[in-house]
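Since chain A is already given, all that's left is putting chain B on it; use the hints.
Number of protein chains: 2
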Amino acid sequence: MIKISEVKKHNGETVEIAGFVKQVRDLKKMQFLVVRDVTESVQISVEKNENRKAVNDVISSLTLESSVRIKGRVNVDDFVKLNGVEIIPDEIEIANLANNTLPIDLTDFNESNRDLRMDWRFLDLRSREHQLIFRVQTTAEMAMREFWINHDFTEIHSPKLMGNPSESGAELFELNYFGGKAYLAQSPQFYKQMAIAAGFERVFEIGPVFRANKSFTSRHDTEFTSVDCEFAWINSYEDVMKFEEEWVAHVIKRVKEKHGDEIKAVLGREITVPKTPFPRITMKQAKEIVNSLGYVVPPETKGDLDPTAERMLGEWAKEKHGSDFVFVTLFPTSIRPFYHMYNPEDPSTTLSFDLLWNGLEVTTGAQREHRYPVIVRQGIEKGLIPANAMTPDGEVVTENLPQGLKDYLSCFNYGCPPHGGYGFGLTRMLMNLLGYKNVREVTFIYRGVDRLRP
Amino acid sequence: MIKISEVKKHNGETVEIAGFVKQVRDLKKMQFLVVRDVTESVQISVEKNENRKAVNDVISSLTLESSVRIKGRVNVDDFVKLNGVEIIPDEIEIANLANNTLPIDLTDFNESNRDLRMDWRFLDLRSREHQLIFRVQTTAEMAMREFWINHDFTEIHSPKLMGNPSESGAELFELNYFGGKAYLAQSPQFYKQMAIAAGFERVFEIGPVFRANKSFTSRHDTEFTSVDCEFAWINSYEDVMKFEEEWVAHVIKRVKEKHGDEIKAVLGREITVPKTPFPRITMKQAKEIVNSLGYVVPPETKGDLDPTAERMLGEWAKEKHGSDFVFVTLFPTSIRPFYHMYNPEDPSTTLSFDLLWNGLEVTTGAQREHRYPVIVRQGIEKGLIPANAMTPDGEVVTENLPQGLKDYLSCFNYGCPPHGGYGFGLTRMLMNLLGYKNVREVTFIYRGVDRLRP
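As you go down the protein sequences, you meet chains A and B in turn. My numbering numbers the first residue of the first sequence as 26 and each following residue consecutively. My numbering numbers the first residue of the second sequence as 26 and each following residue consecutively.
Keep in mind the hints are simulated off the structure, nothing from the lab. Treat the hints with care, as some may be off.
Here are the simulated lysine-lysine pairs, DSBU-like style, with alpha carbons at most 30 angstroms apart [unchecked claim]:
#, chain 1, residue 1, chain 2, residue 2
1, B, Lys206, A, Lys239
2, A, Lys206, B, Lys206
3, A, Lys283, B, Lys283
4, B, Lys47, A, Lys278
5, A, Lys431, B, Lys47
6, A, Lys96, A, Lys54
7, B, Lys239, A, Lys206
8, A, Lys431, A, Lys206
9, A, Lys267, B, Lys278
10, A, Lys289, A, Lys327
11, A, Lys431, B, Lys239
Bound conformation, chain A alone (with noise of 0.2 angstroms):
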């Protein structure tokens, strides 16, 4: 059996192939169909008489969608306005002969019937659009761990099921565990961080988490693909940037050189691969950027960027810098969790990152606490751990601390060294670099607060 899109390349060839029939046309003296495998599209044509009674009788019998394979004879010819190509067939195979009513129309995607289409995934997967976002999907995740592999990375399998609940207790699943509560994961941050204190180094995970948000929006979902990594015994979280943009680089590289041809030819997009290092500001120099364009980031941000500001810097970059990426740092410490370090020259800064692409955030990333009392003190100070965890003259009291963050703490109660690492948005990716603008459109089965099926 060979792909369809090797068919051309064996002219006058008795082949084989499988697929999914996507057209039938039976007409008085000539039958054609259309059949679609995971690569491409070919026609299928058939005079009607009597020596081609039997493949005949298939085609009048066949249903769109049904999956058939095909023994036939390779004709390439100019005349065929699909690919040039058609294979005269020998022998047609029903494997499964689909309803004739289909739910939704394969040729039609649009907002307006994305919920029927994703009530019927299944079927609104099978289109080759739909089916190029996996294949991207696939090598990018490839390139992400050929990358850190190359870079001596340990892969980790961090546990979903948490018995305290992390970061925060808003957003988070809670679930009957043999009568106790667990809850699940919202990010692998506590488990990675864990791992460097396990000695591993450098480790990385791509894998699910959980957040209970009641959005909406065309960008939130309840489950979620997370890509992460976390690397130990670095100077500053300069390092880390420099770490990600290398990594950014050489996903796109590899996604443009096994896609960039079909992701042009089905999508109308150049991909494009980006030139490092990328632009850096502050977030102090990103205010001012955004104030000389005429815009002022609204209170109720407390001091973040909004998405408003976040598409001017992007615009700016690309302006200024050529770049399609930008490096936002030093983030106010009231708008960062306790475990990123704090700015040594202006402890109301954190040494933390995000990073836009086209505007879009796609990591946060930082430099971590890994000094005990600092971390504690942090903690303290952030309302998340009772005053009463340290003593006046800043030794921690382990006693004190609360059950949910004891476990976490202890790590940097035993040498565990400097560290920093970086988030990353899969969805997102997918959403740039195909140009979609639904993280429905780009996860293979969309959980959402009203979506748990199918």
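What follows is chain B alone, placed relative to chain A:
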């Protein structure tokens, strides 16, 4: 900064290393440290005198398992017991001073202290033996993906949150989902088949699954990493076994190439790349073999093999075929799920198999039933689908299908091609390769009935 395994190549040069303090000997005239990184350990030796006071003072203050950066001169000398090399330090920087009371002894791993070691897993994992497990796992997973991708497989991330119980209500974790109910996936089975129905042709997934199993045995856990693949257009379950044995051999080959010497040095085990094809025996033959060896499988197994029989078959395969592996095929219908294809020559058996590795089951695989009326009838026979979901003429009455199976079964009503696949036990592979007897030792952070932390 260089890895400690590289130190010996730099005799006479000044190098920088970083790692954890494994031993401190602070003698009258000399000080010795042993420092360990992810690759190796090395001795640090320094005289006590006025010129070395800064370094001497740092070493005197060091506690075990603190993390340090060391700059110094390499001295290759056969008199140094540890690897014939030492570093004479110029600078030692304490990155993180460990609490001077370690809760576990990092040189003593056994069953009796396992529970305490699991409490302090990040310290337990610092030993070279335990680190090796996860570097082997990393290589094995990459080899799996490499083989799949070279055979045109697409990676999927199937949802772990499900709106309906999947295969069975037992062993299922239930959670509160915005006031309604959701369940955690026990396997990606339905979704990998959905991907086949979606035209992906060949898919794989490595990801977490969840089982609310109350067992406390050495093999049971409530969350583990499942390794799964599924592919279309097979002619027989034999195609699935053929693929799997080549895949397994490739994975072991890569592990041997990358870690064979270290596994031998650290664990005293020889990795052997298996020859293919693996021997195949039917369940009927398997029973005859164990009978001929004087054992009768107890009736409680209801036609399945028990661990004793599996062990005997492992020994038989080794003796008779020189193979660590043996496929057992044609499992009874009564102990296989309704979606396995039944044997047309004997419907009391299924076109399915298990793979035994050293007498331990590591795989269940099968050709799946892809014909809509047939799978529905099999579901009715198993009591999972009400009888009124099929007319006396054998037509499926879609509206009478149970809600929980409707989305899954619909896949077979719209042209899903023939397909098969297997699931593979990652932890069992590590136990087999590295000689561990308990799943707790080869899981990064173990989850069981009474273990939800750290």
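Going down the list of hints, with the structure as the test:
no.	hint	in the structure
1	Lys206/B with Lys239/A	holds (15 angstroms)
2	Lys206/A with Lys206/B	holds (15 angstroms)
3	Lys283/A with Lys283/B	holds (27 angstroms)
4	Lys47/B with Lys278/A	violated (42 angstroms)
5	Lys431/A with Lys47/B	holds (25 angstroms)
6	Lys96/A with Lys54/A	holds (21 angstroms)
7	Lys239/B with Lys206/A	holds (15 angstroms)
8	Lys431/A with Lys206/A	holds (18 angstroms)
9	Lys267/A with Lys278/B	violated (34 angstroms)
10	Lys289/A with Lys327/A	violated (41 angstroms)
11	Lys431/A with Lys239/B	holds (27 angstroms)
This entry does not satisfy hints 4, 9 and 10, going by the numbered hints stated previously.
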